[in-house]
Structure formats: C-alpha cells, structure tokens
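Peer 1: Letter by letter, the chains look like this.
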Amino acid sequence: DTEVTQTPKHLVMGMTNKKSLKCEQHMGHRAMYWYKQKAKKPPELMFVYSYEKLSINESVPSRFSPECPNSSLLNLHLHALQPEDSALYLCASSQVGVGEQFFGPGTRLTVL
Amino acid sequence: EDKVVQSPLSLVVHEGDTVTLNCSYEVTNFRSLLWYKQEKKAPTFLFMLTSSGIEKKSGRLSSILDKKELFSILNITATQTGDSAIYLCAVNYGGSQGNLIFGKGTKLSVKP
Chain P
1 DTEVTQTPKH
11 LVMGMTNKKS
21 LKCEQHMGHR
31 AMYWYKQKAK
41 KPPELMFVYS
51 YEKLSINESV
61 PSRFSPECPN
71 SSLLNLHLHA
81 LQPEDSALYL
91 CASSQVGVGE
101 QFFGPGTRLT
111 VL
Chain V
1001 EDKVVQSPLS
1011 LVVHEGDTVT
1021 LNCSYEVTNF
1031 RSLLWYKQEK
1041 KAPTFLFMLT
1051 SSGIEKKSGR
1061 LSSILDKKEL
1071 FSILNITATQ
1081 TGDSAIYLCA
1091 VNYGGSQGNL
1101 IFGKGTKLSV
1111 KP
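As given, the protein sequences belong to chains P and V, one line each in that order.
Residues in the first sequence are numbered from 1 upward in steps of one, following the working numbering.
Residues in the second sequence are numbered from 1001 upward in steps of one, following the working numbering.
One thing to keep in mind: the hints can contain errors.
[What the hints assert, rightly or not] DSBU-like, lysine-lysine: derived pairs with alpha carbons at most 35 Å apart: (1) V:1041 - V:1107; (2) V:1056 - P:38; (3) V:1111 - P:53; (4) P:22 - V:1068.
No lab work stands behind these hints, which were simulated from the structure alone.
These numbers were taken from a predicted model, which means no experiment stands behind them.
Sequences and hints are given; from them, build the entire structure.
Peer 2: Following this line, the structure appears as structure tokens:
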C-alpha cells in the first residue's frame, strides 16, 4: 500500500465547532506531517511527528492540536477556528530523515 | 533565511513544446531537492535529487541538480495538455525529520 489517505475530503465548520481531520498510511513510515495550503500558495509546514512524537511545531496557534495515536495514524483536532483558517490541509508521510514525502489528497476546510 | 525560489512563476506553451522550469535554493544543511506536480489536490512526487550532475529521467520529464550553483532544472519535452499543473520544488534540509521548504511553484499551462 503506497497511499496516504485523508478524511474527510471536505469539511465546513462554524467558529464554535470542534472537528478532527484524520490521516492514515500503511507504508511503515515513521515521520508524518501536517501542511496548510492556501489558494495559489505552496504548502506550509505545520507539524512534524517523528516516531510518534511531536518534533516540530511551526508556531501554529493552539486552536490546532495534532495527535499521533500510533505509527499509522495522524489526527488534527480543530477548535474555535477562524475564517482565515480555511484552506487545504495536507497530510504527508516519509521515512525518518528522507526527503521523499508522500502526500494525501487533502481535506478542503471551510470555516464560516 | 532559508529559501527556495522558482522561475518562471507561470508559463503558457503549446502542445509539443519543450519547457524548462528553474529552482534555486539557499538552505543550511542541504539534504535533497524534490520536484512535485500538483493538479487539483495533493502534490504528487516526481523526482528526488541528492547528487550533482546526475540526471533523473521519467518518460518525457527529466531533472538535474547543480549543488555548486545551488539550482535544479526540470525539463518536460513534447508537452501535452495533461502536463498542465503547478510544479513545486522543495528542498529537504536541516535535522533528521525531513523538513521540506517549498518554492512558490511554476504554473504551467499547455494549450492544444
């Protein structure tokens, strides 16, 4: 299995809602990533997990809370988001220390 | 400051043309350079380059890295409308987590 899957594909939420984005891979990768991509911009790194431990948090607001319950799963918990948080959220995975990251299809998030 | 610069930002060609996309970088502790193609959703991996002067080839696409001059090029020969996409260059640098910094991308439009 050489695929990274993400659910849901689309999500619309209000500013008071709590929701979660999910990411799964079965390639045996021990590094997983969350990126945020706004329209016509490149992906911006949010979080990196290495061996299920958070290793990088790129100054992301606390309304985004990542979780890595096991080596195959990565979640992003969302709470009290703002309309400017609307974006495509991409998950990726790789072997630790290797640059080739495989991306999931993304979740298109709209915050009303 | 670490940065990746791509040029041109956009390009319009006709089917059958050959195009060259450019990527220059300034990063600390360079590890590898990657090219991705992004259509509507997630970036899909094209090439990873770690050594200077060794061309990587896949069908009509090829890429080469110059670590002395800190740049890479992506060539597409005999372009087709299906090549229309945003081409992202990313550099893996720094620590063991496989950090990627992306350029802004080159938007390629191939007209019939």
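Peer 1: Below or equal to 35 Å on CA atoms is what counts here, so check residue 1041 of chain V against residue 1107 of chain V.
Peer 2: With Cα atoms ~14 Å apart, residue 1041 of chain V and residue 1107 of chain V stay inside 35 Å; holds.
Peer 1: For the pair supplied as a hint, residue 1056 of chain V and residue 38 of chain P, is the alpha-carbon distance within the 35 Å limit?
Peer 2: At roughly 30 Å apart (the allowed maximum being 35 Å), residue 38 of chain P and residue 1056 of chain V satisfy the hint.
Peer 1: Hint check: residue 1111 of chain V vs residue 53 of chain P, CA-CA at most 35 Å. Holds or violated?
Peer 2: 46 Å, violated
Peer 1: Within 35 Å, alpha carbon to alpha carbon, are residue 22 of chain P and residue 1068 of chain V?
Peer 2: Judged against 35 Å, a Cα distance of about 41 Å means the pair is violated.
Of the hints listed earlier, those the structure fails to meet are numbers 3 and 4, in rising order.
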